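Q: Respectively, the protein sequence lines represent chains W and C. Convert by adding 988 to the 1-based position in the first sequence; the result is the number in the numbering used here. Convert by adding 988 to the 1-based position in the second sequence; the result is the number in the numbering used here.
What the hints contain is simulated information worked out from the structure, not anything from laboratory work. This structure is a prediction, so every number in the text was calculated from the model and none was measured. Please note that the accuracy of each hint is not assured.
To be verified - Quick list of in silico lysine-lysine cross-link-like pairs, DSS-like style, CA-CA up to 30 Å:
#, chain 1, residue 1, chain 2, residue 2
1, C, Lys-1138, C, Lys-1373
2, C, Lys-1138, C, Lys-1251
3, C, Lys-1095, C, Lys-1024
4, C, Lys-1026, W, Lys-1373
5, W, Lys-1410, C, Lys-1136
6, W, Lys-1136, C, Lys-1404
7, W, Lys-1136, C, Lys-1373
8, C, Lys-1373, W, Lys-1026
9, W, Lys-1415, W, Lys-1251
10, W, Lys-1404, C, Lys-1070
11, C, Lys-1415, W, Lys-1138
12, W, Lys-1202, W, Lys-1215
13, C, Lys-1070, C, Lys-1136
14, W, Lys-1280, W, Lys-1136
15, C, Lys-1404, W, Lys-1410
16, C, Lys-1136, W, Lys-1404
17, W, Lys-1373, C, Lys-1280
18, C, Lys-1415, W, Lys-1373
19, W, Lys-1107, W, Lys-1251
20, C, Lys-1160, C, Lys-1106
21, W, Lys-1415, C, Lys-1024
22, C, Lys-1138, C, Lys-1107
23, C, Lys-1160, W, Lys-1404
24, W, Lys-1215, W, Lys-1442
25, W, Lys-1138, C, Lys-1373
26, W, Lys-1160, C, Lys-1404
27, C, Lys-1442, W, Lys-1404
28, W, Lys-1404, C, Lys-1410
Here's the letter readout for the chains.
There are 2 protein chains.
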Amino acid sequence: MNHFMEPRSVAIIGISRRSGPGSYNLMENMLHYGFKGKIFPVNLEAREILGFQAYPSIGEVGQQVDLAIITLPRELVVQQVKECVASGVKAVIVVGQGFADADDRGKALQHEMVSIAKKNGMRILGPNTLGVVNNFHHFTTSFMPLHKEKAPIGMICQSGLFFVGARNFTEKIGKGIDIGNACDIGFADCLAYLGEDPDIEIITVHMEGLEHPKEFLSLASRVAREKPIIVFKTGQSAAGARAAASHSGSMAGHYDIYRVALKQAGLLFLENDGRMRDAVRTLLSQPLLQGKRIAVITITGAGGIVASDALERNGLELARLSGETIGTLARLSPEWMPLGNPLDIWPAVMNHEMQEVYGQALEAVLADPGVDGVLCISVALDMEKFGFLDVSECLNRAASKEQQKPVVAWLYGPGKEEIGAKLEERKRISAYGTIEAAAWSLSILRERQQFLEKTPVP
Amino acid sequence: MNHFMEPRSVAIIGISRRSGPGSYNLMENMLHYGFKGKIFPVNLEAREILGFQAYPSIGEVGQQVDLAIITLPRELVVQQVKECVASGVKAVIVVGQGFADADDRGKALQHEMVSIAKKNGMRILGPNTLGVVNNFHHFTTSFMPLHKEKAPIGMICQSGLFFVGARNFTEKIGKGIDIGNACDIGFADCLAYLGEDPDIEIITVHMEGLEHPKEFLSLASRVAREKPIIVFKTGQSAAGARAAASHSGSMAGHYDIYRVALKQAGLLFLENDGRMRDAVRTLLSQPLLQGKRIAVITITGAGGIVASDALERNGLELARLSGETIGTLARLSPEWMPLGNPLDIWPAVMNHEMQEVYGQALEAVLADPGVDGVLCISVALDMEKFGFLDVSECLNRAASKEQQKPVVAWLYGPGKEEIGAKLEERKRISAYGTIEAAAWSLSILRERQQFLEKTPVP
């Protein structure tokens, strides 16, 4: 995989002289990305492309090429693969569509190029792919613009959707591999690479189909002991499975079998497209959940009920708070206030400073041996006028005293984003869009902890 | 309800002289809101509060009072309710906590004040409530800051959470009633009011428990024929039901019975706290869905598969596109491209202008008699450099030619918010945070259509 991810020299076969908006010129994108290795544009007609000497064929480059990227119509690809083999190219990315994702002719072409490569020990990524992104190496083969963040997040996917839409799925990507039709390089190759990569702490996977499930699952259960792996498997419905066959040529069927097998291997399995970002954020910043007893601290009784429902739906339960914890809040609350879990601190807030009450409450529940994790609910108003209700400072102070229990939060009101960002600044507390998402995120911390307990490192 | 929602004169009993940050002074908030009616502060010691003449008791106001708001500790409330009766006050809001939401003493106090009011034909809202908000009358009794938007959205809730957190639940509220413990004014009173209110087009409900289900359900099924009603019922879990009992004193049990009964009455039932905003936006801007056949147009094959899964999960199906529709796209696509539904237009986009292709595709599927609604998937990049990929203009132009079929969209990439806002500008297309949310939103348009078909207006 190093030839794909950290090449020292790259040939771009079939690169166009057109650049700028609408040209989808991957060489322009690569330069913009700051790639420091050698670049050899290959184009029959041009002498120079974007300031680099161009070659009429890969054979005439005359220097070692680690990676060749073929960006040509499908009928021209097999010939180029042959020439790459002849020129000693180590690895090839085939960008274009129209192979196993299309018709019988496409399937035959794909088959032919794989045979040639395998016979000669050359690896192929794709076809039907944006290729790779490696922000630790200032390298990408994508013709679509990406962000350049050195995040400890790896991505293996079968579509550029997850590169370009990173903000929506994983927030950031540090290294990514789009295996496209996966004619040669597949999930297992990429997982082995990212699993051993010290830059990567968490691995996300978009999967349409899986060619060699046994090999992948055995590898995955080993890697999952070291790093969380999150899988978004698509093709759940009959219609989706059909669509997958004509997208990446994948056999996507047997969704329920996938679910069971992947979960058993210790992977976190996502049911729809709304959860990957929360899963990544949570697993990167929160300690695991040692038990399922959650304390809910809330300034709204109604919010506490919503949280109780959400926790139970996600396999967690309300902790039984100790007499000492209840006592801390009882001293601040009116005598008629029934205190329990959810711990409704609003009556206390009506008579004391919000920050004092909330800070004490969080400190007390975190110190309570009957509590494994905490969900905090608070309000987020206009900071300028209602700064006295901003709990980000007091919650962080309280949470810093106990680092072993996850603390998640849900804020409501017009200042949700601003105060949420402050709350997350020290990476001790995570804030979520909904109470449901906060509860679900706690549940995956529990799921991972249970996997690690069940399968200790040998 | 008019005395609560559009009072001409308001007494505030127990209002404090403290104002500014942390005082939670509801009179200050009311003035800030621009209320134009008469305000009589009642305070034993003050002569003047916030520039208004203060009275030592409600009896000494000596003028007609439509609405009295009692903001005093619980032991003092019953006496004030008696004085309100004696002074001919029409309606009372009891703000404070510590009644049926607390202990036996609280239950007894609540019972007593209701008995007095009922005997004398006076109505009580609360206790344990922020009261009301009516943005069409510049009026609120809330001591927490709210937004002042004349939105056609009504809210009935049992917690101020839904007023203060409006951005997170309904985006906006035009009129809202927090029934709190619902000692007298209940869901049915509010629903009757909002049902007949010409300012309100959609009614949202947060429900912990329901005192008189038969009356409510019969009224709701009548109102639902005129306006969509969306219910978020909490207390689903055993823990949540227990928490509800100590929040608003509600009997929240039998969640499944609630679900069946409320859905049967034609109400849209939400399963968690993440969907109310999407439901409101969708029902306010999209036509209903006449059948369940959806066309998916996408620039990413992977996204099309995710959409196929999401549609099936939400009870919808992929439309079978007509030969004419497919032909339109075939003319723009490479000959090897297998075209169907999801309609993957990316290969066409590689050879033609995005806006031309996407506009033609949407126009074609909307004109297709086999299509009931459309889900569009596109990319949203930096507008300045990638304006040529911004589809907001061409999609709106195409969608304006057919007003009877819903068009929903999902965008991915860093420009999601900006281009999403442009896409929604003309209120013809709705954009969502996830593909799952887009598919679910189509499903509620179908659910409402089916309810209306089943129960025609008599």
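Q: Taking 30 Å as the top limit, are the C-alpha atoms of W:Lys-1215 and W:Lys-1442 close enough?
A: OK: W:Lys-1215 and W:Lys-1442 at ~15 Å, within 30 Å.
Q: Could you grab the alpha-carbon distance between W:Lys-1415 and C:Lys-1024 and see if it respects the 30 Å cut-off?
A: With a Cα-Cα distance of about 47 Å, the restraint between W:Lys-1415 and C:Lys-1024 is violated, given a limit of 30 Å.
Q: Regarding the pair C:Lys-1404 and W:Lys-1410, is the alpha-carbon distance no greater than 30 Å?
A: holds (23 Å)
Q: Has the given pair, W:Lys-1410 with C:Lys-1136, been kept, meaning a C-alpha gap of at most 30 Å?
A: At roughly 27 Å apart (the allowed maximum being 30 Å), C:Lys-1136 and W:Lys-1410 satisfy the hint.
Q: Could you grab the alpha-carbon distance between W:Lys-1202 and W:Lys-1215 and see if it respects the 30 Å cut-off?
A: The given pair, whose Cα atoms are some 20 Å apart, holds under the 30 Å limit.
Q: Please work out if C:Lys-1160 and C:Lys-1106 have their alpha carbons no farther apart than 30 Å.
A: Cα-Cα ~34 Å, so violated.
Q: Is the Cα-Cα distance between W:Lys-1415 and W:Lys-1251 30 Å or less?
A: holds (27 Å)
Q: Does W:Lys-1107 pair with W:Lys-1251 here, judged by a C-alpha cut-off of 30 Å?
A: violated (36 Å)
Q: So if I understand the rule, the pair passes when the alpha-carbon distance is 30 Å or less; does C:Lys-1026 with W:Lys-1373 pass?
A: holds (27 Å)
Q: Verify the proposed pairing of C:Lys-1415 with W:Lys-1373, using a straight-line Cα cut of 30 Å.
A: violated (33 Å)
Q: Holds or violated: C:Lys-1070 with C:Lys-1136, Cα cutoff 30 Å?
A: With Cα atoms ~33 Å apart, C:Lys-1070 and C:Lys-1136 exceed 30 Å; violated.
Q: Taking only the CA atoms, is the gap from W:Lys-1373 to C:Lys-1280 under or equal to 30 Å?
A: Given that 30 Å is the threshold and the Cα spacing comes to 49 Å, the pair is violated.
This entry does not satisfy hints 1, 3, 10, 11, 13, 14, 17, 18, 19, 20, 21, 22, 27, going by the numbered hints stated previously.
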